[in-house]
Structures are given as C-alpha cells and as structure tokens.
Amino acid sequence: MNWPLEAFLSFLAAGSFGVIFNTPRKTLLSCGLVGMTGWLIYRSYVLVLDDTTQASFAGAFGVALVAHLLAKKFKMPMIIFSVAGIIPLVPGSKAYNAMRNIVENNYLEAITYASEALMISGAVAMGLVFAEVLMQLFFKRQAKRIQRKIGMTQN
Amino acid sequence: MAEIGETRRELALDCFLLAGKILMENGAETYRVEDTMIRMAISQKMTHSHCFVTPTGIMFSPTEEMATRFVRINDRQTDLERVALVNAVSRRLVAGEYTLQKAYEELQVIDQTNYKFHIWLQILAAAMASGCFLILLGGSWSDLPFAFVFGGTGFIIVETILIQTRVKFFAEFIGALAIGILALLAVYSGYGTDLDTIIIGSIMPLVPGLLITNAVRDLMAGHFVSGLSKGAEAFLTAFAIGAGIALVLSF
Numbered sequence: 001m002n003w004p005l006e007a008f009l010s011f012l013a014a015g016s017f018g019v020i021f022n023t024p025r026k027t028l029l030s031c032g033l034v035g036m037t038g039w040l041i042y043r044s045y046v047l048v049l050d051d052t053t054q055a056s057f058a059g060a061f062g063v064a065l066v067a068h069l070l071a072k073k074f075k076m077p078m079i080i081f082s083v084a085g086i087i088p089l090v091p092g093s094k095a096y097n098a099m100r101n102i103v104e105n106n107y108l109e110a111i112t113y114a115s116e117a118l119m120i121s122g123a124v125a126m127g128l129v130f131a132e133v134l135m136q137l138f139f140k141r142q143a144k145r146i147q148r149k150i151g152m153t154q155n
Numbered sequence: 001m002a003e004i005g006e007t008r009r010e011l012a013l014d015c016f017l018l019a020g021k022i023l024m025e026n027g028a029e030t031y032r033v034e035d036t037m038i039r040m041a042i043s044q045k046m047t048h049s050h051c052f053v054t055p056t057g058i059m060f061s062p063t064e065e066m067a068t069r070f071v072r073i074n075d076r077q078t079d080l081e082r083v084a085l086v087n088a089v090s091r092r093l094v095a096g097e098y099t100l101q102k103a104y105e106e107l108q109v110i111d112q113t114n115y116k117f118h119i120w121l122q123i124l125a126a127a128m129a130s131g132c133f134l135i136l137l138g139g140s141w142s143d144l145p146f147a148f149v150f151g152g153t154g155f156i157i158v159e160t161i162l163i164q165t166r167v168k169f170f171a172e173f174i175g176a177l178a179i180g181i182l183a184l185l186a187v188y189s190g191y192g193t194d195l196d197t198i199i200i201g202s203i204m205p206l207v208p209g210l211l212i213t214n215a216v217r218d219l220m221a222g223h224f225v226s227g228l229s230k231g232a233e234a235f236l237t238a239f240a241i242g243a244g245i246a247l248v249l250s251f
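Protein sequence lines, in the order shown, are assigned to chains A and B.
Residue numbering for the first sequence follows our numbering, beginning at 1 and increasing consecutively.
Residue numbering for the second sequence follows our numbering, beginning at 1 and increasing consecutively.
No lab work stands behind these hints, which were simulated from the structure alone.
All of these numbers come straight from a predicted model, not from anything done at the bench.
Backbone N, C-alpha and C define an ideal beta-carbon position, used for all residues, glycine too.
It is possible that part of the hints are untrue.
Stated by the list, open to error - Restricting the straight-line Cα-Cα distance to at most 25 Å, the calculated cross-link-like pairs of lysine to aspartate or glutamate (DMTMM-like) are:
| hint | chain 1 | residue 1 | chain 2 | residue 2 |
| --- | --- | --- | --- | --- |
| 1 | B | K116 | B | D194 |
| 2 | A | K75 | B | E6 |
| 3 | A | K75 | B | E10 |
| 4 | A | K73 | B | E10 |
| 5 | A | K73 | B | D14 |
| 6 | A | K26 | B | D194 |
| 7 | A | K75 | B | E64 |
| 8 | A | K26 | B | E65 |
| 9 | A | K26 | B | D196 |
| 10 | A | K72 | B | D79 |
| 11 | A | K72 | B | E233 |
| 12 | A | K75 | B | D35 |
| 13 | A | K144 | B | D111 |
| 14 | A | K75 | B | E233 |
| 15 | A | K73 | B | E233 |
| 16 | A | K140 | B | D35 |
| 17 | A | K73 | B | D194 |
| 18 | A | K72 | B | E10 |
| 19 | A | K72 | B | D35 |
| 20 | A | K26 | B | E106 |
| 21 | A | K72 | B | E97 |
| 22 | A | K75 | B | D196 |
Unchecked claim - Okay, the calculated bits of chain A under chain B, using three or more residues with CB under 8 Å as the criterion:
| hint | region |
| --- | --- |
| 23 | 47 to 57 |
| 24 | 71 to 79 |
| 25 | 106 to 120 |
Said to hold, decoys possible - Not the full set, but computed from the structure, chain B residues with beta-carbon under 8 Å of chain A:
| hint | residue |
| --- | --- |
| 26 | E81 |
| 27 | L136 |
| 28 | G222 |
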C-alpha cells in the first residue's frame, strides 16, 4: 500500500466534496484533512485487523473527533467538517456489488453484499454519534471545571 | 408604546423563522435548527417558546399571547456556507453584538446571495473526486481518465435535469444511467479495463452522504419525524442510482 499517495488522494477527494457541498472557503483544507484522517484510520485498521465494519466504525469515530475539534476552533457547526470526511467511508462498492448480483440473479450473494453494506453504514453512523456524545461529555466537564476555577479565584 | 413592542416581537418572529428556514433549506441537522431558533428566542426574552421542525415545514410558537407561526420549506439543497453564516449571525445576536433589526437584515442578505462555487468548479471537483475514488478503491491508472470524465458528466447531467424538472429522483436515475452506459461503452471499446471500479468511482459524487448522516443523527437525537423522512429521501436517492446502474448492467 502506497501511504503518501492514498493520503493525498483521500485529501483531494474530501476537499472536492467540500467544493460540491459548498463549505466556507477557509475550511476547505481542513475538510480535506478530516477526510484524510478518516481514510488512513480505516485503511490501517483493515490492514491490521482485516474487518471492514470495525474499520469503518474507527474511521468515522476519528472523523467525528477531528471534526468536533475543528468546529470548536473555527466556531462553526460540526457538520461542515464531518460530511466531507465520511464520504470515503461510504460503502459504495458493496452496495454496487449487491445491485450487480441482484441483476445477475445471484440473490444469495447479493444478500451477503447488501447486509455488509448495511452493517458498514450503521457502523459509520454509530462512530459519528459515539464520538459526538463523548466529546460533549468531555467538554461539559471541562467547562464545569473552568467555571469552578473562576469561582475559586473570585472568592 | 405597546404598539412598538408588538411590531418588535413580530420582527423577532420573522427573524427566527427566516433563520430556521435558511438552515433547513441548506442541509443543517434538525436539532441544530431547533437549538438555534430557541437560543435566538431566549436572547429576545421569549423564554417559553416551542418549535417543531420537519424537513418540509417549521412551526414556531412564541409566548401564550401571540399566534403560532408556520413557514413552509419547499426545496432543499446542500450549501454549508449558508449554514455557517446563519450560525455566526445567531451567535452574534445571542451575544448581544447584533440588534434584532441588524440580524434580520443580515439574514435577508444571506437568503438572497448566491454563495455557491461556480458551476464549472463544482463539476471539476466532482470529476476529481471520481478520479481519486477510482484509485483509492484499487482501480488501475489507465482507467483514471474515464472515471474523471464520466464523474463530471454524471454531475452535469444531474444538475441540468434538476434545474429543468426539480424531480431529484429522476435526475439521479438518468445521471446513473448515463454513467453506466458510458462506462460500458468505454470497456467494450477496449480502452477501459475494469467496468466495476469505473462505475463505482464515477457515481461517488451522487451518493447521498449528507442525507444519511443527517438522518441517523436526527433519529438518535429523538427527532423521529425528520429522521425518518430524511432517511426515506436518502433511500430513494440510493435506489435511483442503483436502478440506473442495474438497468445498464442487465444488458
């Protein structure tokens, strides 16, 4: 596997999706970086543990974490960064193979592919939501701690 | 004096509904729309307001003595820059940097201006994304020009039909069909090598990624009406693309 090439291509792909979805101009680079993070996590997970569903979960989790941090930094909604980032994780080839097998009357194989595609899209969604909930918990605790600190210094 | 208070509150309502409408039309999540509207309302001392947002309409009920207002949302697109701009305006209004009048004027400007990238730049982006995905999914370098051209063509076809007919399902079906036919021709003529990766790479710009993410997020946040309807929209889009490709493959 050619790491720099894949990193560059996923960066370019996510950035292009940023243009299609019309994200604000100054966030285009960050969108590309988010997409690259997601894809590299996904690929390394597949290489090490060989499980595309778990890898998609890990990739989406990474995407959501980075997107959340960038959203805090730019003071913009998180969706701007996460949408372009998860596009490379969408199970396009599995869905395509399922469709192809249905057309060729291989229904059993089609079901295999379709259920895999369903599992992967579920995993991507779960990854996004889990990361978001975790970040919210973390930031709420941090905000409380800061408030307490300010309270202490005032007293 | 009461008269002025009344018009001010009417202006406030117009302002919240316009903000909600722009957000919903341009692809924000339902919970963000509700959150933004309620925050803006609280900043204008309407503490007991309620709002109910669906992908096709927004209902907003301010305090007891005022009538509930409704706004219809007709067409939805994806324009994340508008979402970011409305978000910035609502932040400023809540922080007290903008007056209500100023915020409403800003929102009207956002509603009227076209922030989209030039259409050829979008087509180029779609083509580039298709080419990248072809290589990422393990296609060979000799297929790269085909994915690049077909991805762009599919995007042009979908956008043109959308402008002409406003029927999303039909536009995506025709776009996928055209990509399938072109890819089949390229492979049969002997120039393209792998039909599957060319098609997968080229249809990537049409995949309803934003809709799927938003649908799941809305469902998890408890907005079942909008979650289900966005899910149905995503499913219809995916079905249209799949049907277009399947029609080609069945020959």
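Against the structure, the hints come out as follows:
1. B/K116 <-> B/D194: Distance ~34 Å between B/K116 and B/D194 Cα, so the pair is violated.
2. A/K75 <-> B/E6: 33 Å, violated
3. A/K75 <-> B/E10: 29 Å, violated
4. A/K73 <-> B/E10: 35 Å, violated
5. A/K73 <-> B/D14: The given pair, whose Cα atoms are some 31 Å apart, is violated under the 25 Å limit.
6. A/K26 <-> B/D194: 37 Å, violated
7. A/K75 <-> B/E64: Answer violated: A/K75 to B/E64 is near 34 Å, above 25 Å.
8. A/K26 <-> B/E65: Between A/K26 and B/E65 the Cα gap is close to 44 Å, so the pair fails against 25 Å, i.e. violated.
9. A/K26 <-> B/D196: Violated, at roughly 36 Å.
10. A/K72 <-> B/D79: Holds, at about 20 Å.
11. A/K72 <-> B/E233: 30 Å, violated
12. A/K75 <-> B/D35: Holds, at roughly 16 Å.
13. A/K144 <-> B/D111: 37 Å, violated
14. A/K75 <-> B/E233: Distance ~30 Å between A/K75 and B/E233 Cα, so the pair is violated.
15. A/K73 <-> B/E233: 32 Å, violated
16. A/K140 <-> B/D35: 17 Å, holds
17. A/K73 <-> B/D194: 43 Å, violated
18. A/K72 <-> B/E10: 33 Å, violated
19. A/K72 <-> B/D35: 17 Å, holds
20. A/K26 <-> B/E106: Roughly 20 Å between the alpha carbons, so the hint for A/K26 and B/E106 holds.
21. A/K72 <-> B/E97: 20 Å, holds
22. A/K75 <-> B/D196: The hint is violated at about 41 Å.
23. 47 to 57: violated (count 0)
24. 71 to 79: holds (count 4)
25. 106 to 120: violated (count 0)
26. E81: 5 Å, holds
27. L136: Holds: closest Cβ of chain A sits about 5 Å from B/L136, inside 8 Å.
28. G222: 12 Å, violated
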